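Undergrad: So the sequence lines, in the order shown, correspond to chains H and R.
This note's numbering puts the first residue of the first sequence at 1288, with every later residue one more than the last.
This note's numbering puts the first residue of the second sequence at 1288, with every later residue one more than the last.
The set of hints was computed from the structure by calculation and includes no laboratory data.
Heads up, a few of these hints could be off.
For identical chains, the list gives no copy identity; a pair is met inside one copy or between any two copies.
What the hints assert, rightly or not - Straight-line alpha carbon distances no greater than 25 Å define the calculated SDA-like cross-link-like pairs of lysine to any residue that follow:
no. : residue 1 : residue 2
1   : Lys1357   : Ala1478
2   : Lys1425   : Thr1576
3   : Lys1396   : Gly1360
4   : Lys1396   : Leu1575
5   : Lys1578   : Asn1495
6   : Lys1578   : Asp1518
7   : Lys1396   : Ala1598
8   : Lys1396   : Val1549
9   : Lys1396   : Gly1504
10  : Lys1396   : Gln1322
11  : Lys1425   : Lys1578
12  : Lys1396   : Ser1316
13  : Lys1425   : His1310
14  : Lys1396   : Thr1318
15  : Lys1396   : Arg1317
16  : Lys1425   : Gly1404
17  : Lys1396   : Ile1289
18  : Lys1396   : Phe1604
19  : Lys1396   : Thr1544
20  : Lys1396   : Ala1321
21  : Lys1396   : Val1480
22  : Lys1396   : Thr1429
23  : Lys1357   : Gln1481
24  : Lys1357   : Leu1459
25  : Lys1357   : Gln1502
For clarity, every value in this text was computed on a predicted model and none was experimentally measured.
There are 2 protein chains.
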Amino acid sequence: MIDIPRPTAVLEAAARLQGIANHTPIHTSRTLNAQTGQQIYLKCENFQRVGAFKFRGAYNALSQLSEVHKAAGVVTHSSGNHAQGLALAAQLLGIRATIVMPEDSPAIKQAATAGYGATIVTCPALAREAVCADLIAKHGYTLIHPYDNPHIIAGAGTAALELLQAAGPLDLLLAPIGGGGLLSGTALAAAAVQPNCRVLGVEPASANDAQQSWQTGEIVRLTAVPTTLADGLRTRYVGEHNLPILRQYVTDILTVTEDEIVTALTFLWTRLKLVVEPSSAVALAPLLTGKIAGQGQRVGVILSGGNVDIAEIGALFAA
Amino acid sequence: MIDIPRPTAVLEAAARLQGIANHTPIHTSRTLNAQTGQQIYLKCENFQRVGAFKFRGAYNALSQLSEVHKAAGVVTHSSGNHAQGLALAAQLLGIRATIVMPEDSPAIKQAATAGYGATIVTCPALAREAVCADLIAKHGYTLIHPYDNPHIIAGAGTAALELLQAAGPLDLLLAPIGGGGLLSGTALAAAAVQPNCRVLGVEPASANDAQQSWQTGEIVRLTAVPTTLADGLRTRYVGEHNLPILRQYVTDILTVTEDEIVTALTFLWTRLKLVVEPSSAVALAPLLTGKIAGQGQRVGVILSGGNVDIAEIGALFAA
């Protein structure tokens, strides 16, 4: 039996994050509105602590652990934003965190995570779940899954909650989907405070497992890590906690091509002056490429984060 | 006799720009404060219309032209942010603008300026003042100088005014200096509303004409265009309207090395997720490199703009 968070769990998470997570700014652009024919509100989680929305869920999850579990410590496997989000949240709460990272993950990401005081354990990429399980058996750590966890979901939803509360009624809310933590949290936030707001997920066409899962009601697992510029969305399947929420609260899941991701990324960097990840561009892409029906709507977009290799993005622009 | 604007001219400019220029956001960073020991408020003019503070002065200047001068049109020479700022302001006010650009200026900058409806006239780089003079003689255009103009100065000062009004009392305010439009406007803004706030200018060591001019009281002219990453600060001399203001209201002018500029630029892009120009990094650099005496001060920094070639900046990070 899966424990699905209620919409009000997002409100409770927001109370826990008060004064801890950044109330990130909401950006608007005359040019973007003119080009899309919509009125767009960008929730800038690239300005969140550790540079991504992931800090929200991590702190929400850790702050609800029992004292016994806090004392024992936590573990996760991630080479991305969840690693840094969990490391900082653990540091703030005085909890020992161990992060299992693939041994070929960039040294700079390992260093950034270690910089927040976490212990890094490296292992072959395919062994990371086994290594996690081993650490749990040996030390009694609590696993904090990157997305398949009700507190991670509720915490992630606080970004959309802030947007809905600050920007007023929205017709539509878009978020990228990888494992489903951000999108399911976003959908719960809308259900809590603006149930008429339609919530759309967006994923790269090459990683359309979430779209298939949402359509069929069964978790579809990709057999290989998908190839997409949006490195944050290379997850192969959505979580067991996430799919029921997506099915109940999400209006549709769209896909975008790699070219469309680059178009949106270029707009965000060159016109809006935002350092954002390709995953963030995924959520904006359907608006720039005319995939959203209707005009003059008030549309919220969650820009998920800004942790990128500037040289890599620069090389994209040189092409 | 030079007509020097009074500090209150900045307040008048702010009233003209109300609802026209963006009230740009002010960003803060726990990491930046921890690293510098100061409490820093970054005024993000990279989020201004056309991507730079220059729109403020251009609109303030054009909106005060007589109907006769508006009907005749305006001209300037610039291959940078002033060109775009003037072009947009002219478009909004229904004024014909002609921008003289060096024939070797990037096609993308010419296109961006033409995109705001301005007429582009290209010529050899050294001929641009003569070409301007010729157009003025022939068509009766009004020259809107990029910085040596009291209305441009007062308009530029509105960025600092917004910062001082929103962030509360500041001990210190830093702005980059090229020709002196932004720094003299910033100093007037402080004089108008917080005369106890010290105002510092910062320029690249290779382009230290403003420092020399400020120290000697005479406009020092560099004989060649200085070599610096901060392309917005490659002006060879400050303006006749600017120097008296700098002498009266600015506390000091500091210089920073190219390495220090890159350090600050890296921090702004990778930690603060802001697409800003190297000129903006110049103003932050003295804080990151310990050149500012004292600790725990409330410090404002004007980030002047964000119009950069992303590929060029990316290549810097690849090094």
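Undergrad: What are the numbers of the hints the structure violates, in ascending order?
TA: 1, 2, 9, 11, 13, 17, 19, 21, 23, 24 and 25
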